[in-house]
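Chemist: Below, each chain spelled out in residue letters.
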Amino acid sequence: MKIFGLIAVLVVGALLLSATSDFPDWRDKDSPANKSPVSSFYIEKTEKLTKVPNMVTAVLADYRGYDTMFETVVIFIAGIGIIAVLRNFDGPNSSSIKRENNDEGGGLLARFTCSLILPFIQIFALYVVAHGHHSPGGGFQGGVMLGASYILAALAFGLSKAKDIFSERRTMIFAAVGIFIYVGWGVLCLLFGKEFLNYEALDSILPGDAKMARSHSMLIVEIGVAFTVTAIMFSMYSNLSTRGRLSKGL
Amino acid sequence: MIWQFDIIILIFLVIAAIISLRLKDLLGASMVFGIYSFLICLLWAEMGAVDVAFTEAAVGAGVSTVIMIATVFSTKRRSKD
Amino acid sequence: MTEHFPVLILLVPLFGALIVVLLGRERPDQCWVTSLISLGVSSLISFFTIIAVLSGKVQTLRYRMGGWPESDGYEVGIELRVDILAALVVFAVTFVGFVNTIYSKTRAGAEVRGKIPFFYALIQLLIVGLCGIVMTNDAFNLYVLIEITSLTSYALIAMGNRRAALSSFNYVIMGTIGASFYLIGVGYLYIKTGTLNIDDIRMVLGQNDLWEHQSIIVAFIFIMLGVWTKMAFFPLHGWLPNAYAYAPSMTGTFMAPLMTKVMVYVMIRVMVWVFGNEFVYSSQHVWGEIVIWMSVLAIVAGSLLALARTDIKKILTYLIVAEVGYMVGGSWLAEGIGQAGAFYHILSDAAMTFCLFIAASIIVLRVGDSRVNAFDGLFRKMPLTMIGFTVGALSMIGLPPTCGFFSKWYLISAGIEAGHWGYACALIFSSLVNAVIFFRIFERAYFGKISGVKEDHFPSDSDANPDIRIKEVPWSMLVPLFIASGSVILLGIMNRGLFEWIQTALKIMNT
Amino acid sequence: MDPIIATFIEENIVPNFNYWIYVILMMIGLYAMITKNNLIKKLIGMAIFQTAIILFYVSVGVKDTANIPIISHHGSEHHQMTDLSSETDSTKEIHNTIDKDKYANPLPHVLMLTAIVVGVSTLGLALAISQKIYKSFGTLEEDEILNKLRPGGHD
Chain A
7 MKIFGLIAVL VVGALLLSAT SDFPDWRDKD SPANKSPVSS FYIEKTEKLT KVPNMVTAVL
67 ADYRGYDTMF ETVVIFIAGI GIIAVLRNFD GPNSSSIKRE NNDEGGGLLA RFTCSLILPF
127 IQIFALYVVA HGHHSPGGGF QGGVMLGASY ILAALAFGLS KAKDIFSERR TMIFAAVGIF
187 IYVGWGVLCL LFGKEFLNYE ALDSILPGDA KMARSHSMLI VEIGVAFTVT AIMFSMYSNL
247 STRGRLSKGL
Chain B
5 MIWQFDIIIL IFLVIAAIIS LRLKDLLGAS MVFGIYSFLI CLLWAEMGAV DVAFTEAAVG
65 AGVSTVIMIA TVFSTKRRSK D
Chain C
7 MTEHFPVLIL LVPLFGALIV VLLGRERPDQ CWVTSLISLG VSSLISFFTI IAVLSGKVQT
67 LRYRMGGWPE SDGYEVGIEL RVDILAALVV FAVTFVGFVN TIYSKTRAGA EVRGKIPFFY
127 ALIQLLIVGL CGIVMTNDAF NLYVLIEITS LTSYALIAMG NRRAALSSFN YVIMGTIGAS
187 FYLIGVGYLY IKTGTLNIDD IRMVLGQNDL WEHQSIIVAF IFIMLGVWTK MAFFPLHGWL
247 PNAYAYAPSM TGTFMAPLMT KVMVYVMIRV MVWVFGNEFV YSSQHVWGEI VIWMSVLAIV
307 AGSLLALART DIKKILTYLI VAEVGYMVGG SWLAEGIGQA GAFYHILSDA AMTFCLFIAA
367 SIIVLRVGDS RVNAFDGLFR KMPLTMIGFT VGALSMIGLP PTCGFFSKWY LISAGIEAGH
427 WGYACALIFS SLVNAVIFFR IFERAYFGKI SGVKEDHFPS DSDANPDIRI KEVPWSMLVP
487 LFIASGSVIL LGIMNRGLFE WIQTALKIMN T
Chain D
50 MDPIIATFIE ENIVPNFNYW IYVILMMIGL YAMITKNNLI KKLIGMAIFQ TAIILFYVSV
110 GVKDTANIPI ISHHGSEHHQ MTDLSSETDS TKEIHNTIDK DKYANPLPHV LMLTAIVVGV
170 STLGLALAIS QKIYKSFGTL EEDEILNKLR PGGHD
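Protein chains in written order, with this note's numbering: chain A, 7 to 256; chain B, 5 to 85; chain C, 7 to 517; chain D, 50 to 204.
By construction, these hints were calculated from the structure, which means they are not laboratory data.
Take the hints with a grain of salt, since some may be wrong.
[As the list claims (entries may be wrong)] Pairwise CB distance ranges (calculated):
| no. | chain 1 | residue 1 | chain 2 | residue 2 | range |
| --- | --- | --- | --- | --- | --- |
| 1 | B | 16 | C | 310 | 48 to 54 Å |
| 2 | D | 65 | C | 316 | 30 to 36 Å |
| 3 | C | 293 | D | 65 | 39 to 45 Å |
| 4 | A | 173 | D | 187 | 28 to 34 Å |
| 5 | D | 59 | A | 130 | 36 to 42 Å |
| 6 | C | 209 | A | 17 | 29 to 35 Å |
| 7 | A | 173 | C | 502 | 56 to 62 Å |
| 8 | B | 18 | C | 502 | 55 to 61 Å |
[Unchecked claim] No more than 25 Å apart at the CA atoms, straight line, and that leaves these computed lysine-lysine pairs for DSS-like:
| no. | chain 1 | residue 1 | chain 2 | residue 2 |
| --- | --- | --- | --- | --- |
| 9 | B | 80 | A | 8 |
| 10 | D | 151 | B | 28 |
| 11 | D | 151 | A | 54 |
| 12 | D | 151 | A | 57 |
| 13 | A | 41 | D | 197 |
| 14 | A | 169 | A | 54 |
| 15 | A | 41 | A | 54 |
| 16 | A | 57 | D | 149 |
| 17 | D | 197 | B | 84 |
| 18 | A | 35 | D | 151 |
| 19 | B | 80 | D | 197 |
| 20 | A | 51 | D | 151 |
[Said to hold, decoys possible] Chain B is nowhere near these chain D residues, computed Cβ spacing over 12 Å in every case:
| no. | residue |
| --- | --- |
| 21 | 147 |
| 22 | 199 |
| 23 | 200 |
For clarity, every value in this text was computed on a predicted model and none was experimentally measured.
Think of the CB as a built atom: it goes at the ideal place given N, C-alpha and C, for glycine as much as any other residue.
Sequences and hints are given; from them, build the entire structure.
Modeler: What follows is the structure in structure tokens.
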């Protein structure tokens, strides 16, 4: 097996290396990928057409918004997939277990530190979600940070405390609602007579002109992504750290 | 866009990848994998891909490592290879 | 309204999945109804899409997500593209999903117990992913959708017993390698062309005459390797038999007819749309001959491995491996009849695999044993099920008027036309092996005694007497079986018309 | 560093170095996925494999003259403040046009955001599956699991 694996890996590596000599130089601004009309269009027209200075956010949420919708669906699938694989709903230890151990979680110092920094982490996460138009960040990064803040709470105060805020039922509702916001916003465009995810259709219900409608819609879509990602990140951690029993975390 | 940094980080990356795969202690391997993610996040920030670097910092060095460690704690810590 | 059909096909099951997750835990019985309605609506829409595409007004439906117009002749957004080939495959996918949902009515509660909402949500998302793969015209979007189908199938398979979890893990490893190879290939195309839209990649490749560049050749090889891994082409087939055999039986019937076939569609699409026939079938490249001989190997090995098994589900999964060899070989033989034959085989193989898997899982359910001797005397006990099974088996052997005969006919004649006798002989050999396998089963089913059933296989069942226990299943399982076997015959009867549509569509592609 | 060596490196190694390292990382990851015995190790290899591909894509979008792909207005605003009166429409137009060599190619970044998300989803699901395997087999070593599955093996 090892020999076979080594041979396969070497063949693959040799093929890939043989192609690198054919590539344009690294950092070449005139390489086909960098000077292609698609990339020039994104760089030159994005701010004019969508009023968003961060091109990555604009391309992510608008030009390739269809991709991002499925990216959110991928996260969602991972979340429900982990529950479907790990949880054992009909066993004796499903939801009937009460918290038998109040000592779980970190020590006093950890709790104190966490209670100090958690609000700031969460505010920063919300800032990242909301400010993705102008600075690096967006729904996904902010959502991961928000989810991580709950993971931190679970580590410091014990999973059962964190579960009181963010129960499994709630995570599933949050996750589904996030995608619902994203897809529903696209369907709204459909109902207004334009293509799916064509945010320009919504300029009559959003403040500003059609270009601002794109910008505002990106924010709404990013919020949807943040909902799903927050919920699923926390659900992923809580299931994986307890082998799907959802009691007694790390 | 300083290529010297680029080369140094890339070499560290290869070292980190090899170490994390050689360690027999899975907890240590996950930790080194976190370091690997952090290095690659630095690299992307250096290459101007700030959004990707941000995401990798949150996901690769953060959540991926955490869920990996969570799995190591709820299974076995030693590995045979 | 017609122009929105492609996206509606995707959105209806997507919303269905969300509703199932939101409401499922309170009312598990509603999940079945919800997914039945959503997949039914979706297959209805895809049926109308076929009509719209055939009606002549719109040969090809193009749908620009976000309404972004092209700039300088390049697409800046993501585009969906539905022609007759895509419409046919999408209809097959949604229809199989719909019929299979009917089949899962009584089984879901028993097999996945408390996880019914998650099961139905994953199933609907799987259908969304497969339809998206078929319709999208963007190389990277295709990767995302491939990962959607992969993740749903990992989860669905791992919901089974412990063997299923282990095979699902192998599938994760192989599937990730496959999808990542595809991604590498797309990256190599992107670095040379600067675009991701499939039509635009083709255009740039032609304009700049990049055909002989090493990176384009490597990109082609890696995309092919990735797609072959996902479709379980012979040396890369390791994950498939265990995954499909140990998965919950409903999952098997959902995935076996769809996954590999959609990946074959992707392969044909990449060969024809992205790279074009001149590049793929060019005599300068050695790969044509190699791939055909690999597919001959796949057919022979798949058939022989199936012959060596005694477990009915394992037999069927190895037959899938052989069928993948048919399709890969056919599409690599030559443009024209070989490609069209392989494409027709996608549809007919989906129908007959569906039929056989449903019949087999009904039998395993009733008899409680998945070995071949479970079939002893079944023609007397379960005549209706056995009729369905027989239709599927005859199609697999290749007897008229089933669709298996016609697709095999087209493929063999393509092999003879291309002068590739090895491929034609392998097809005939595989038919003979299939005949041996299935007539062995028929013999048992006609003449065998029921005594082969051991009681300890069903310890939980209260009535241990097999004579009483082995009886026909409820209508919710028989109707899907008959729809499947009916479609096997229907596809066979309609073969000429279908084949002409496929041929003209492929010709339009190449101009 | 010696300037001659530096120019040598810059001309001959730097243009392809990223691509070489990406291939090496990918080979390391792939080798681990195929040959490692421990399931968690396989998954670490998988993560390395995926990040290597992301490294490749991000390297494609780098330009030597470019900065991060976020349009900044500091320059033009400053200009407007200093001579607000003499600003005509034509000069405004000049300031508003964007030099595309100044910004990195955003498309690979977007693609790789999606790929990172797919990577972490796959990792999470695979970890869940390996926990399920551990629950039913009591080990994560592939050879021990296969031993237990063999009919003769004690289970």
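Chemist: Within 25 Å, alpha carbon to alpha carbon, are residue 80 (chain B) and residue 8 (chain A)?
Modeler: holds, 24 Å
Chemist: For residue 80 (chain B) and residue 197 (chain D), compute the direct alpha-carbon distance and say whether it is at most 25 Å.
Modeler: At roughly 17 Å apart (the allowed maximum being 25 Å), residue 197 (chain D) and residue 80 (chain B) satisfy the hint.
Chemist: For the hint 39 to 45 Å, verify it against the beta carbon of residue 293 (chain C) and that of residue 65 (chain D).
Modeler: The hinted range 39 to 45 Å is violated for residue 293 (chain C) and residue 65 (chain D), with Cβ atoms some 26 Å apart.
Chemist: Are all beta-carbon distances from residue 200 (chain D) to chain B longer than 12 Å?
Modeler: holds, 24 Å
Chemist: For the pair supplied as a hint, residue 41 (chain A) and residue 197 (chain D), is the alpha-carbon distance within the 25 Å limit?
Modeler: The given pair, whose Cα atoms are some 57 Å apart, is violated under the 25 Å limit.
Chemist: May I ask you to test the hint 56 to 62 Å on the CB atoms belonging to residue 173 (chain A) and residue 502 (chain C)?
Modeler: At 59 Å between Cβs, range holds.
Chemist: Does residue 199 (chain D) really sit off the interface, with its C-beta more than 12 Å from all C-beta atoms of chain B?
Modeler: holds, 18 Å
Chemist: Given the hint that residue 41 (chain A) pairs with residue 54 (chain A), does the C-alpha gap stay at or below 25 Å?
Modeler: Holds, at about 19 Å.
Chemist: Below or equal to 25 Å on CA atoms is what counts here, so check residue 51 (chain A) against residue 151 (chain D).
Modeler: Since the Cα atoms of residue 51 (chain A) and residue 151 (chain D) sit roughly 14 Å apart, the hinted pair holds (cutoff 25 Å).
Chemist: That 30 to 36 Å hint for residue 65 (chain D) and residue 316 (chain C) (C-beta), does it hold up?
Modeler: Distance hint for residue 65 (chain D), residue 316 (chain C) is violated at roughly 55 Å.
Chemist: With the threshold set at 25 Å, check whether the alpha-carbon distance from residue 151 (chain D) to residue 57 (chain A) stays at or below it.
Modeler: Given pair residue 151 (chain D), residue 57 (chain A) holds - Cα atoms ~19 Å apart, limit 25 Å.
Chemist: Between the alpha carbons of residue 151 (chain D) and residue 54 (chain A), is the straight-line distance 25 Å or under?
Modeler: holds, 17 Å
Comparing the model with each earlier hint shows violations of hints 2, 3, 10, 13 and 14; every other hint is respected.
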